[in-house]
Amino acid sequence: MVIYTPEHRRLMEMFEPARHQEYSDILSSLGGFMEKQILPISSKLDNGTASIKGPRRALFEQGMSQIPFPAKHGGLGLPFSVYATAVELLGAADASIALSVEIHNAVAEGVFRYGNDAQKEAYLESIITGKKLASFALTEPASGSDAGTMATTAEKKAGEFVINGSKMFITNAGEADVYFVFAKTKKGPSAFLLDAPNKGLKFGEELPKLGMRGSKTREVLLSDCCVPEQNLVGEEGKGADFAKEMLHGARIVVAALNVGISQVAYGKALTYAKHRRAFGKSISEFQLTREKIADMKSGISAGRLLYLYAAKLKELGHDYSSEASQAKVFATEMSLKVCDSAIQIHGGYGYTTDDLHRHWRDARLLTIGEGTSEVLRMLIARRELARST
Amino acid sequence: MSPEVWAYSESEAVSNEVASAAADVAKMSSADVVVVEIGANRSGVKAPGTKLLLKGPAGPEVSPEVAAEAIARAAKQRRPAAILIGATRNGREIGARLAAKLMFGCLSEVSRVASDGTTLSGERNAFAGKVVAKVECALPAVATVKVGYYPATGSSPQGESEVDVGAVQALVSVVGRDKKAVGAVDLKSAKVIVAAGRGVKRKEDLPMLEDLAKDMHGALGCSRPLSSDLGWLPEEHHIGLTGVSVKPDLYLAIGISGQLQHTAGMKDSKVVAAINTDKDAPIFQASDYGIVGDLYQLVPAIKRALAARR
Amino acid sequence: MKIAVCVKNAVDETELKIDSGGKPVLTGAVTRMSAFDKNAVEEGLRLKAAHQGEVVIFTVGPPESKKTMKEALAMGADRGVLVAGDPTAIDTMRTASMLSAAIKKSGPFDVVLCSEGSSDAYSGQVPPMLGEMMGTAFVSYARRIVVDGQTARVERSLEDSVEVVEAPLPLTASVVSEINEPRYPTLIQIMQAGKKPIEELNGDQLSPAGGYRQASTAAMSAQHSARKHIMIEGSLDEAAVKLVDALTKEGVLSK
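Residue numbers (my numbering), protein chains in the order written: chain C, 1 to 389; chain E, 390 to 699; chain V, 700 to 954.
Isolated chain C (complex conformation) (with noise of 0.2 Å):
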C-alpha cells in the first residue's frame, strides 16, 4: 500500500502552490518510512505482540513531531496542514501510534504558546525531537465535556503547587515524561507542567479499550503531586481557555487521522471486492458493493478537503474553530461509516479478521474523544446563530 498517493500530490499542488514539491517531497518519504516501519507491525500493536516504543521512537527520530514547530526551537517551520498531512499518513499507517504522537504533539503545542522562555527552554525542543514523551490529562472520571468543573484542585504551598485528584482516560500515561495536567487553583482551571515519575504520581491499570490499543491508556492519580510554581503554564485560572484553544488544533488533526484509518479500510475493501466472487461473478458487479465503494470514496474526498480547509485557515490566521468542529465530527462519523461498510463488503471475514474490524475500533473512539460529537455541534450551531444576519 502506498500511503502518499497522487490523490495527495494534487491538493498539495492546490494548497501549497508555490513550494509543493518540497513539501510532496517530505511527506512522501516520511510515507515511506511508515510503509515499511510502521505499517507491517499495524496488527501486531493490535493484538498487544508489538510494543509501541521502538516504532514511536523511530517516528519522533524522523522528525514527525518537528513538523509545524519553528527551526529556532529545533522544529521544521513547515505549514500546519502538512502535520495534518502527515498524521493521516500516520492514521493510515497506524491509528495508535497517530494517536499517542498526536496527543503528544498537543502538549508541544500548548508549551509553545502559552509557555513562557523558560519553560519552552525545558521543554518544548525535547518534547518535539521525542527526548520526552509528553501527556496531556484533562479529562477525569466525572468531567469530560464540562472541563470546567473538574475536581482535580492545585493548591500554593511554599514555593510549589500541590495537586490533587485523578484524571481519566489518558493516552500515553505511564509512559510520558512531562504532563500538560490542568487542576483547579483558587483562580480557577489552571495549566502545569508535571514532570515524571513523581512522588505523587500514581498510575491505574492500563485501561482495556475497544480500539487503539497500541496505544496505552491509563488514570491518572494525583495524591499530594509537588511542582515547582514555575511549571504554572501562562496565567493563573486561564487553563480552560487554554485548553479550549489547544483543542481546536487538535481536532483537525484527529480529523485527519481519522480519514486516514478510513483509506486504508477502504483500499481493504476496494482489493477484497474486485477478488470476491459470488454467484458466478466479482462482487464489486453489484450496485449494492457500488454503491459502498462510491459513498466511502466521497466520504474520505471530503474528510480530506475539511480537515485541510481548516488548517489553512489556521495557517492564515483565521478563526477557524468552526471549521476545526465540521471536519472534526464530518470526518469522524464518516470513518465509521467507512469501516463498517469495509466490514460488511468483507462479509464473515470482516467480522473474524482482527485486521480488519480494528479499523472501526480505533475509529470508534474520535466521536467521543478531543471533543466528543454532541458538544462540539453545538459549538457549530451556536458560532451560526450569532451571525449578525
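To be clear, the hints were calculated from the coordinates, so they are not data collected in a lab. What you are looking at is a predicted structure, and each value in this text was computed from that prediction instead of being measured. Ideal Cβ positions, reconstructed from N, Cα and C, are used throughout, including at glycine. There are no misleading hints in this set.
With the Cβ distance kept under 10 Å, some of the chain E side facing chain V (calculated, not the full set):
no.	residue
1	GLU454
2	ARG481
3	MET492
4	GLY494
5	VAL521
6	PRO540
7	LEU560
8	VAL563
9	LEU695
Quick partial rundown of chain V residues pointing at chain E, CB under 7 Å, derived from the structure:
no.	residue
10	ALA866
11	ALA914
12	MET930
Derived SDA-like pairs (lysine to any residue); straight-line CA-CA distance at most 25 Å:
no.	chain 1	residue 1	chain 2	residue 2
13	C	LYS337	C	HIS275
14	E	LYS580	V	LYS941
15	V	LYS895	C	PRO79
16	E	LYS659	V	ALA734
17	E	LYS668	V	ALA945
18	V	LYS716	C	THR271
19	V	LYS948	V	SER934
20	E	LYS659	C	ALA273
21	E	LYS636	E	SER500
22	E	LYS668	V	LEU935
23	E	LYS636	E	PRO596
24	C	LYS202	C	LEU232
25	E	LYS577	C	GLN37
26	V	LYS766	V	GLY727
27	C	LYS281	E	ASP657
28	C	LYS72	C	GLU125
29	E	LYS519	V	GLU858
30	C	LYS274	V	LYS716
31	E	LYS656	C	ASP354
32	V	LYS941	E	GLY543
33	E	LYS435	E	PRO529
34	C	LYS274	V	HIS928
Once you have looked at the hints, place chains E and V on chain C.
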C-alpha cells in the same frame, strides 16, 4: 569464409545452452558456431560447430575480467559476427566488458536470439517484468543469453582451433569461495515458495515438502487450515488474505484448493504451479501450470526430476 | 576517501501506464530513484563514515533527475553532478561514457559504486562498462566491501556461492541489495538537501555520440498478465519432468 557466432560461459552446463542459442543464430544467418574455451578444454562442454581454445590464461576457470580480455583479444583477431555469453552473473559482467572493449552493442539477458545477417535481436523483460522488449543491434554484437531458456546441446565438436591471446594481467584476484548457506528463508523475500494445503494429510508429511522447498532454494508456506486450525506450522507461514502476502518468482501450491482467502496472498507471484487431486479445484484457475494428481507421488517425482538436471 | 555513487532517475515501474495498444507509456512517466541505487548510496555513506571523506552523486539524465539526486543528498551525500542528457536518446555505452568522463573530471575517486542494475531496464551493463572506461579494477555483485589501505576485499554474491576477491584501489563496483539496509533521511535532512550543490555538465560535450554500435529497443509490449492455465499430462515421472522443464524455461528455477 562464413561469419562466426561465438558461444561462451564459465559454467559448462550454461555453455551448452548458449551453444544451442548460437546454433539458432548461425542457422538464420548462414554462419558457423564456435564454442570458446579459455586456457584449457572442458570435457563437459559440447559444440554444434567447432571449438576455439584461447591459449594464454591459466584456465579453464577464469575470472570474468580475464575471460572478457581474452575473448576481446581473440575477437580482434578472428572478428566474429556475434558473441553470445550465458547470462549468469559473471556472464553479464563479461558481456558488458566485451561491449566496452570492442565498441559493440550489447543485448542483455535475452531469449529468442535471432539474426538476419546484419542485425542481432532478442527479447527481454523490462520494467520489473511488466514489459517485454524486443531489442536489436547491428552486427558485430554481443548478447548475454537468458539462462534456462535454451536446451543444452549434446553435439560433439566438429573440429578445433586455437588463438594465442597471451597472458592476461588481472587486477582482481579470487581469494576464496564458499557455497551459499541455505538458511531459513523468509517468505516475503523468498524467490521460491512451496505451499502446503489440506491435501497434506499429516503433519509428519510436511518435511517432504520442506525438502522440496530446500531443493529449490525456497521457503515453506501454508494455507490457513494448516496454521490456524491444525497448528502444524506457525502463523508466520500462513499465506493468504489474513496471513502473509507474498510475490515470489515461483509459487508451488501443493494440495491447496485455491479459495480466494488463500490466492489473495499469492496472486502477484510471477509463476504459479499447482498440484491437486481435484481437476476442478479453483487453484488451477489461478495457476500457470497444473498437474492433477497425488502429491504423495508427484512431490518425490519432482524431486527426482530436479536431481536429474544437475 | 573520495567516493562516487552513480544513481539513475528511473521510470517507476509501479506507476507505469500501458496504453490501449499494450505499449508502455514512457513519455511523462513517473520517475524515481532506481530501486537498488539506495543501497549503493548507503554503501558509499558507510565507507565515508569508516574512512572520512566525501560522497559525490553522479547522474546522467534530464533536469527532472535532480529530485532523485536530492534523495541521495538527503541520505547524507555531500554534493551531486548531473550530466544533462535525454535518457531516451542514450544507451548504456554512452551513459557509461558520460559517467566516466564526469567522474574523471571531478576526481580522482578511490571508490566508484553503482547498483547491480537499474530497476527499469535492468540490463546491468553500465557498471562493468564504467569499470572498463575508468580503467580501474571492477567487481560486480558485491555484497560486502571492506577497504584496508589501498586494497579492497569484496564478497561477490553469485548464483550458488559467495566469492571473495581482492582488488586494488581505485575500485569500481556494483552492489547487490543484500549489502545493506539503506537509511531513511530524517525530515530535516530532506529539507537541507536542497542546499547541497549540484553541478550540471553538458553530456554532449563530455562524451560525443558515435564511435560504437548502439543497441536499441525495436518494440515493447505489456506482459500478458493472465495465468497460462497449462495442464500438464502424462505419467507421474513424465509430468514431473515436464513441469521442471517448463519452470526452468520460465527462468524461475535456479540451476
